[in-house]
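Protein chains in written order, with the working numbering: chain A, 1 to 251; chain B, 1 to 51.
Please keep in mind that the hints were generated in silico from the structure rather than gathered at the bench. A few of these clues could be false.
Computed, partial: chain A to chain B, Cβ under 10 Å [said to hold, decoys possible]:
hint: 1; residue: Ile20
hint: 2; residue: Leu24
hint: 3; residue: Ala36
hint: 4; residue: Thr40
hint: 5; residue: Leu48
hint: 6; residue: Leu50
hint: 7; residue: Phe51
hint: 8; residue: Tyr54
hint: 9; residue: Lys55
hint: 10; residue: Leu58
hint: 11; residue: Ser61
hint: 12; residue: Trp118
hint: 13; residue: Asn123
hint: 14; residue: Gly150
hint: 15; residue: Phe151
In this text, a Cβ means the ideal position worked out from N, Cα and C, and glycines have one as well.
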Amino acid sequence: MQKSTNPSDVTELPDGTRIIWAPLPKKRTGRQALLAVGETAITLGLILALFVGYKAFLQDSLVADTQNQKAQGFGGGADQHKLRFPSQVHKQAQIFGRMYVPRFGSKWTRLIAEGTRWHPVLNEIGIGHYVGTSMPGEVGNFAVAAHRGGFGGAFKEIHRLVAGDKVYVETRNYWYVYKYLQTKIVDPTDTSVIDRVPLELTGSVSGGKYMTMTSCTPIFVNTHRIVVWLELDQVIKASDGPPRELNLGGN
Amino acid sequence: MYSWLWHKLPGGKLLKSLQCLTMVGLALVAFYFWLFPWLDAILFSESSTKL
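Put together the whole structure using the sequences plus the hints.
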């Protein structure tokens, strides 16, 4: 059976040939829109995944290398004057020390600056000293902070510090050697961990010379803070050279 | 979107592929130097409590 044909869809040529025009397929705009939305979502997802990869691996690694190189080159030779005396530190980002933590790697070193602002202290320099807390070697609590992940993650390996580990802090005149005491995970609001005498530190006493390292945990989640307490073990004059166990070969 | 772009590009499959790769490369460079630092500044703005 033949289909009935709409006369307007038929063209008759002079030679009698009849052209029957088939109806054009309906535009499926709804489906096309859905496809565009889907493709856009996939594209944005890919960009986000790239950003996460960039942030977690590429940028972290690049910034870590930069901070490490800056710390290694800072204050040596003619630049010695750049390392301020801790007693002369009054402003954010003034660099007064350098930290070595063999547990983080034999080449690991970072500069210590005043203040804990992201820019320019934690993001660019590496380690920030909590304003108002003691300076290295002083009675009380020398408290510092650094990123755990992102911007070089200076304290990425902080959870690996264990009994027997030492942290070395170099200043203009002295080397301060701190020995590991305790690690604790606390809420971000628990600021008592950087008190002059941190009560949560087992066996802490008034008159003690402590150091507190703080960072975020879990890494990249940042809902809590990881705190490591250390105690002053040794003070070495800078003129006597760096502690032999660091194998720095003299400065 | 991608299908439309593919058909709009001139040349055969090889030339189209090369153009697509060039565009992806340029996009990655733009992401690295512009988009990612910008996202960084927005998503990880100054804070002294989030370390």
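* Asked: Looking at the structure, which of the earlier hints fail to hold?
  -> Checked against the structure, the hints that fail are numbers 1, 2 and 11, while the rest are satisfied.
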